[in-house]
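Let the hints inform the model, and build the full structure from the sequences given.
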Amino acid sequence: MIRINSVSFRYGESLRNAISDVSLTIDDGDFLGIIGASGAGKSTLVYSINGVIPHHFRGDFFGEVLVDGMDTVQTRPEELAKFVGSVHQDIDSQMVASVVEDEILFGLENFKTPHSEIELRIEEALAAAGISGLRDRDIGSLSGGQKQKVAIAAIIALRPKIILLDEPTGELDPQSSRKVFETLRELNERFGITVIVVEQKIMLLCEFSKHLAVMERGGMILNGLVHEVLQRADKLEEAGVNIPRVTTLARKLRERGLYSGAMPLDLDGARVMMREAMRDAAL
Amino acid sequence: MSGFLSYMNGDSILHRLNPLTKLLMSAALCASCFLTHRHSVVIGVIVFNLCMSYSAGGLKRSLAMSVSFIKLALLLFVLQVFFVREGNIILTLPLNIYITDKGALFSSLFSLRLVAATMPLAIMLSVTRMSDISNVLAQKLRIPYKYTFALTTAIRFIPIFSEEMAGIAEAQTARGVEFDTKNFFKKIRLLLPLCVPLLISSVRKIEGSAISAELRGFNLRTRECGYKTYRFGLRDAGALVLTAAIIAAAVLI
Ligand SMILES: Nc1ncnc2c1ncn2[C@@H]1O[C@H](COP(=O)(O)OP(=O)(O)OP(=O)(O)O)[C@@H](O)[C@H]1O
Ligand SMILES: [Mg+2]
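Read top to bottom, the protein sequences are chains A and B. Be aware that the first sequence starts at 9, since it is given in my numbering, and climbs by one per residue. Be aware that the second sequence starts at 255, since it is given in my numbering, and climbs by one per residue.
To be clear, the hints were calculated from the coordinates, so they are not data collected in a lab. Check the hints yourself; a few may be wrong.
Among chain B residues calculated to face chain A with C-beta under 8 angstroms, some are [stated by the list, open to error]:
| hint | residue |
| --- | --- |
| 1 | S260 |
| 2 | R410 |
| 3 | I465 |
| 4 | S466 |
| 5 | G480 |
| 6 | Y484 |
List time: in silico BS3-like cross-link candidates among lysine-lysine, alpha-carbon distance up to 27 angstroms [unchecked claim]:
| hint | chain 1 | residue 1 | chain 2 | residue 2 |
| --- | --- | --- | --- | --- |
| 7 | B | K400 | B | K459 |
| 8 | B | K482 | A | K120 |
| 9 | B | K459 | A | K209 |
| 10 | B | K441 | A | K120 |
| 11 | A | K90 | A | K218 |
| 12 | A | K120 | A | K169 |
| 13 | A | K90 | B | K459 |
| 14 | A | K120 | A | K90 |
| 15 | B | K325 | B | K441 |
| 16 | B | K400 | A | K90 |
| 17 | A | K90 | A | K169 |
| 18 | B | K440 | A | K90 |
| 19 | A | K169 | A | K209 |
| 20 | B | K394 | A | K120 |
| 21 | B | K436 | B | K325 |
| 22 | B | K325 | B | K440 |
| 23 | A | K187 | A | K90 |
| 24 | A | K169 | A | K187 |
| 25 | B | K400 | A | K187 |
Even glycine gets a Cβ: it sits at the ideal position worked out from N, Cα and C.
Given below as structure tokens:
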């Protein structure tokens with residue numbers, strides 16, 4: 009479990025807080041999506057969870073973050089990393105090796121995984137990320153989506169309880185983006201790994217995540233179950249989040265008294281909603 | 255140019271040599287080009303380089319790479335050949351410009367050396383994984399892993415930065431800046447201001463890289479952490495004998 013208690017952070021040279029008074033609790037096994045406009049403080053929040061703040065980025069840090077009971081201020085980031093695996097925004101700069109296999113090996117070696125276990129861990133991680141065929145490939149020759157999966161595999165090999173991803177689909181086409189999210193869902197459902205993902209594509213978050221947190225100008229303005237958050241269209245718009253078209257449609261239908269069911273989150277939900285609305289309209 | 259440093263997967267003898275042997279071999283090949291004063295030896299080194307890359311399955315790439323070096327070598331040849339004034343004149347051009355036999359020999363040797371000496375390292379790097387280089391240097395030469403890792407990271411970032419540069423140049427071209435000018439100096443003048451955004455994005459990338467390494471336990475690493483061990487075998491002994499022979503030939507012929 010992660011507890012974030014009234015956390016504020018101001019980067020060293022900066023004049024204003026990058027995040028202010030953010031509180032959030034993330035339960036084990038959750039799939040949390042974080043959304044917000046550019047500069048809202050999403051990456052800063054991510055860094056506060058994995059201990060990069062305050063250990064790497066200097067500045068004024070207030071509040072408290074507890075990861076599995078460990079205080080991030082008192083725990084070294086590499087200790088936290090055994091529980092929280094992170095994939096940051098710029099994927100190219102995160103690679104430490106030239107070949108996929110070595111990329112996964114790096115963390116395993118550093119954390120002194122018993123040598124007898126290493127082969128198994130590599131195979132397992134490659135399979136979980138769906139890239140078993142890429143083991144000996146040069147990383148420079150991979151596509152953006154494949155690189156994301158390599159980064160995810162390198163984290164999974166360390167068997168963390170939580171994985172934290174900052175805009176993993178930022179440079180991907182819709183199809184590869186979906187594939188990355190399908191991989192994340194699999195990790196969440198099959199291995200019970202808590203997934204926290206910063207993402208701009210609202211439709212993906214609606215479909216895949218359980219909870220949704222919305223950030224605006226350093227603050228957390230909404231957080232709750234996905235369909236609850238989607239009800240607050242006014243606030244979402246204020247935060248610069250594109251509201252899914254099915255949500256807008258649902259709102260309009262509701263206003264006219266044509267629909268009263270649950271907020272649709274995907275195509276199937278939209279189909280159910282439309283059927284009900286058409287039936288009501290026909291009556 | 256992109257991709258000429260990238261790893262080429264394979265299982266050739268060259269792939270299986272100890273990384274240290276490969277580094278030594280490429281250094282020796284490079285040195286032998288400068289130890290000799292004979293064209294034939296330098297040409298021999300070039301042929302040897304091509305044989306090596308053929309055996310590793312990378313002949314096409316090596317040839318493509320040599321083409322760009324040959325162009326540079328030709329340019330240097332032309333620039334140099336007119337400046338040597340000693341020796342017998344073999345060709346007279348107007349404006350008191352002439353080429354001497356000494357000049358032609360000297361400049362051609364220089365250009366050949368350039369081509370021959372740049373190839374070995376590029377070939378070796380294309381058949382060696384970066385992490386093997388950093389690990390073998392740490393394990394066998396006892397260089398702290400921090401430094402060997404920094405070295406291989408620097409090499410890995412070359413193509414990333416050149417791609418970045420190309421991206422920035424493309425963005426400027428879209429705004430109407432003409433980078434595809436043939437004028438060398440004009441091109442330099444246009445590219446220079448791009449160094450600032452490149453520098454900023456590079457610093458950011460390096461920062462990101464440091465964070466990512468740190469979060470995967472970089473600071474916990476000790477020399478014993480390496481999973482692979484790098485023993486020297488018969489193959490390496492053979493390669494080293496061959497290397498010694500090449501150096502001897504360069505000195506003696
Ligand atoms: N290293 C830094 N030094 C100083 N200020 C920073 C630094 N990184 C971010 N900031 C500032 O902190 C604020 C929040 O930035 P952050 O990167 O967390 O936003 P974000 O929501 O991740 O945005 P994006 O969607 O663009 O990634 C911004 O105003 C930004 O300018
Ligand atoms: Mg960000």
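Open item on the list: Let me make sure I understand: some of the numbered hints might not hold for this structure. Which ones are they, in numerical order?
Closed with: 6, 10, 18 and 25
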